[in-house]
Amino acid sequence: MTTMKAQDWTLLAIAAGKGRTLTPVQLQKSLFLLSKEYPELLESGFYQFTPYNYGPFDVRIYGDAERLSGEGLVELQVVTGRRWNEYSVTSNGADRAAALRREAPPEALAYLDRVVAWAKSLSFQQLVRAVYQKYPEYRANSVFQD
Amino acid sequence: MTLIVGIKCSDGIVVGADGAATFAAMGQPTIRQSVRKLNIIQDRIIVGVSGSVGLGQRIVGEVERIWSDKKLTGKSITDAMPIIAEALRKHILPELQVAANAKQLIGQMAMMSAVSSSIVAVPLSKAPCLMSFDQQGAPEAATDDLPFVSIGSGQGIADPFLAFLRRIFWPNKPPTVSDGIFATLWCLQHAIQTNAGGVADPKQIVVLSKDGAEWKAREIPETEFQEHLEAIQAAEQALVSFRDELRNGGTTPSEPPPKATG
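Protein chains in written order, with the numbering used here: chain A, 1 to 146; chain B, 1 to 262.
FYI, nobody ran anything at the bench for these hints, they're computed from the structure.
Just so it is clear, CB atoms sit at the ideal spot from N, CA and C, and this is done for glycine as well.
It cannot be assumed that every hint is accurate.
Pairwise CB distance ranges, derived in the manner of DEER restraints [said to hold, decoys possible]:
| id | chain 1 | residue 1 | chain 2 | residue 2 | range |
| --- | --- | --- | --- | --- | --- |
| 1 | A | P136 | B | A127 | 29 to 39 angstroms |
| 2 | B | G61 | A | F144 | 34 to 44 angstroms |
| 3 | A | A140 | B | E245 | 25 to 35 angstroms |
| 4 | B | L93 | A | F144 | 38 to 48 angstroms |
With the hints as constraints, model all of the structure from the sequences given.
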């Protein structure tokens, strides 16, 4: 079991964007999939995802991202005209992420890198559908129910 | 300047509002401030008012008084509408009368303090109900056939947009609250970007939905808008893709069959 906090994984996920921003859905679903694949390597206080409008969701992720922004580790970029955030690391955040990578469990870290790259390669609809397909129980409260 | 939207959903009510209040002196705009236009009364009722701020404050107070005095207990929506309308008119009609008199002296700007519309979402006989009241207090209920209402200066943009969304996404059944939040945010976003005279961020969304056995009103935090706003962009991008595919092709289009030979 790692001593890393959930917030540390949020920073690692954002840093895994490798210079590209993560959108809200990419950040949420990447951390969700990490929690599903490697729960034994994450702290007991890791995010608890509930079925929400677009599948698994934990609002604390946004709170942690804002805290990281307050610490100068993450930049919240407001998409012009839309008032929603995209997430990227600052240079200080990249340094902090590099330090965290040395203590993070390697398997979980490698998976996070892969799942963020995979999430970035998909459209919004493709990403949400892919998660629904693997975890259909998270459709329970989603938009556009049959 | 205001836009307030209400949607009657299969599992509750969604009400959304923009966040710009325009102050004026003698009919001339002075400043714009952010303001919260939706009120939650005793965790059960949502009231949104457009138009005169002072009259709106009294309307909110009147709805709270009716609820506290249990005048809506056990009432159906058709019984409740005239009760609420009568209570609102106690405030509306005197203002209209004063404005009519003042109009002779100061012109049309006299109407600014007398014109107000409101949206009320309230549980009645254990069902969530959505009503609007026009500038004379005349009520209208949202139904399954007409599930959305809007008031304010942005109404001219909101109504056709909501009708479009309904035709595309929910032609045969009502939306869920999740769907309603998506539609309300998109409608507000569209009106803000089209900017019908001062409709602006921040957006506010309040839902009336079941919490255990009770209908409860709760405000959706802005953080929970994020994925909806991303979904809206994806939906708009889907329309762009339609145009692009016609222009440039996606996959190689199938060739028309050649004419028969022989």
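**Asked** For this structure, which hints from the list above don't hold up?
**Response** No numbers; nothing is violated.
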